Each structure stands twice: as C-alpha cells, then as structure tokens.
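These protein sequence lines are chains A and B, in that order.
Heads up: the first sequence is residues 1 to 147, going by this note's numbering.
Heads up: the second sequence is residues 148 to 318, going by this note's numbering.
Quick caveat, the hints were computed from the structure, so don't treat them as lab data.
Owing to the predicted nature of the structure, the values given are computational and were not obtained by experimental measurement.
Just so you know, even glycine gets a beta-carbon here, dropped at the ideal spot from N, CA and C.
Fair warning: there could be bad hints in the mix.
[What the hints assert, rightly or not] Partial chain B-side listing against chain A, Cβ under 8 Å, derived:
hint: 1; residue: Asp-153
hint: 2; residue: Ala-164
hint: 3; residue: Ile-172
hint: 4; residue: Val-183
hint: 5; residue: Val-186
hint: 6; residue: Leu-257
hint: 7; residue: Leu-266
hint: 8; residue: Pro-269
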Amino acid sequence: MERLLRMTYHLCRLLLGGIFLYAGLTKSMDVTRFAGDIAAYRILPYQWNYLAAATLPYVEFMAGLLLVINRRVRPATLLLALLTLGFIAALGSVIYRGLDIDCGCFGAGSATPGQALWRDLGLLVLAHFTFHLRNRFVPSSSRNGIR
Amino acid sequence: MNRFLDYSELPRIILEAVVILCFGILVGLTLHFQLVREVLEGKLIAPPGQHPVATERVTTGYPEPVDLQSVRQQIAAGTLLVDARIEELYRQGHLPESVSLPLAEVESRLPKFREEHPLQTPIIVYCNGYGCPDSFDLAMRLLESGYRKVMVFEGGFPEWEGAGLPIEAGE
C-alpha cells in the first residue's frame with residue numbers, strides 16, 4: 001500500500017510538473033501572442049494583458065520545474081493549484097459570456113474553453129494528490145530539507 | 148494525526164509559494180524588460196514609420212486602448228472615428244463625424260473604406276461599450292489590413308452618451 005501511494009505521488013508530481021513546465025515554455029516563446037490570447041478573455045485592462053503574458057509563463061515554468069526535480073513540492077503545488085483555480089474562474093466567465101476563443105493554455109490552437117475547464121479540473125485533482133501524499137511522506141517533524 | 152492532512156507547516160508553505168511567485172514574476176519582467184517598458188510608457192503603438200524592428204510585433208500587433216479624455220483629444224487632432232456597430236444603431240445615434248463600418252460587413256466594405264481613408268490615418272474604433280467585443284475585433288482587422296495606428300475606445304457609445312456629449316443621428 002505504501003509503495004502504491006509513493007508511486008501515485010511521484011506520478012502526480014511528475015505529470016503536474018511536466019504539464020506546467022511545458023505550458024510555461026511554450027508560452028514564454030511568444031509572449032506577445034500570449035498577450036493576445038489573454039486579451040481575448042476580456043477580463044484584464046488592456047496593458048495588464050501584456051504584463052500577465054510576460055510573467056505568468058515563468059511562474060508556471062518555475063513551479064513546474066520544482067515539481068519535476070522534487071524540490072519545494074508543497075509550495076510549488078499550492079501555487080499551481082491557486083493558478084489553476086484562477087484559470088478555472090477565467091474560463092468559467094468566458095463560457096458564461098459565450099465567447100468563442102482559444103484558451104491559450106499551451107500556445108497556439110490548444111483547446112476550447114470547455115475542454116480547458118475539464119483539463120484544469122484534472123490538474124486540481126493532480127495537485128490535491130501531490131500535496132497531500134507529500135504530506136504523508138514528509139511530515140512536519142521531518143527536517144531533512146526536502147519539502 | 149492524519150498525516151495526509153498535516154497543515155502545521157502551512158504558513159511556511161504559503162510563504163515559499165509567494166517567494167516562487169515573486170521569483171517567476173521577476174524573471175519574466177527582467178527577460179521582457181523592453182516589452183514591459185513599452186507597456187508602462189503606453190507605447191504599444193509606435194508612430195508610423197518609427198517601428199523598431201525588434202519590437203515591431205509588439206508595437207503593431209494589437210490596438211491601443213484609449214479612454215474618453217484621450218478620444219476627445221484625438222478627435223481634435225483629426226483622428227478618424229469608426230463605429231463598429233450595425234448600421235441601424237449607427238443611424239439611431241453615433242459619435243459626431245464618425246463613419247460606419249459594421250464588423251459583420253467589414254470584408255465587403257473594407258476596399259471602399261481603404262480608398263477613402265489612407266493607411267496612415269489614425270483610427271479610433273468604438274462599439275457598444277465594455278461588453279462589446281466588435282470594436283476590438285474590427286481594430287484587429289484594420290491592423291491586419293495595413294492601418295498602422297488603430298485604437299479602441301472601450302467605453303464606446305454608452306460612455307460617450309453618458310458623459311452628455313453631442314450625438315449625431317442619420318446617415
């Protein structure tokens with residue numbers, strides 16, 4: 001049982017980390033285009049779209065990288081879960097307003113808002129398992145420096 | 148205690164998450180310093196003929212948003228106002244001296260529009276306010292077709308009318 005949980009933890013961690021590492025990388029390649037994708041959501045004031053596009057991919061990349069290399073797992077997972085909640089709220093508002101846009105999650109032509117919403121719910125599940133299984137393997141009494 | 152639900156270290160975890168967030172933001176702002184500077188200085192659209200090659204996509208890719216006060220200044224400076232709403236709404240009332248170019252008819256009417264208004268004409272597009280995407284879409288179409296300075300008045304007709312400014316009706 002313990003072994004199964006450990007494997008599940010590593011699988012969730014690598015999958016979650018890998019997805020955000022890839023997402024951050026593809027979007028950081030062309031932030032102007034990503035700014036256009038964010039602008040299509042019509043949520044942020046215009047200039048903020050550029051600022052979000054210039055920073056968000058690197059936050060995703062950093063947190064994803066930490067998960068893949070198995071360092072600062074819980075903080076990185078918490079951050080990605082909060083980001084995902086934000087994405088879900090944005091996608092929900094897009095669907096509610098009936099905007100037909102590309103989600104911009106992984107650069108060009110990635111998914112419709114509906115598909116992206118389901119994918120983000122899946123990411124939340126991965127984040128949940130990663131965070132809580134990490135708790136099991138590294139309890140608060142541990143001081144080995146790996147969190 | 149259930150070790151799955153051990154939140155005793157949550158304050159430190161939150162703090163470290165904030166550090167990761169700040170670090171990522173810092174890296175992004177540093178790597179895209181030029182873009183960020185242009186955004187903060189409001190230079191998303193460079194004056195015609197002054198496009199820096201390295202940032203041409205940034206400076207020409209998207210229309211610049213303008214507020215009511217800027218719209219009034221731009222009108223005084225001779226900027227062309229374009230109404231992206233349907234013809235019927237335009238006839239009921241529009242901003243003074245604006246021309247009608249409904250988004251739905253842009254493909255058929257754009258050739259004539261281009262004949263009447265040269266590509267260097269600065270343009271402000273508006274429609275029915277913040278909930279209306281047509282002005283942004285039309286502005287993107289105008290940029291694609293070669294216009295170099297295209298802005299979007301996001302407050303649109305409702306904000307203009309709400310400010311008690313004059314409105315024209317008819318063709």
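Violated hints - listed by number, lowest first: 6, 7 and 8
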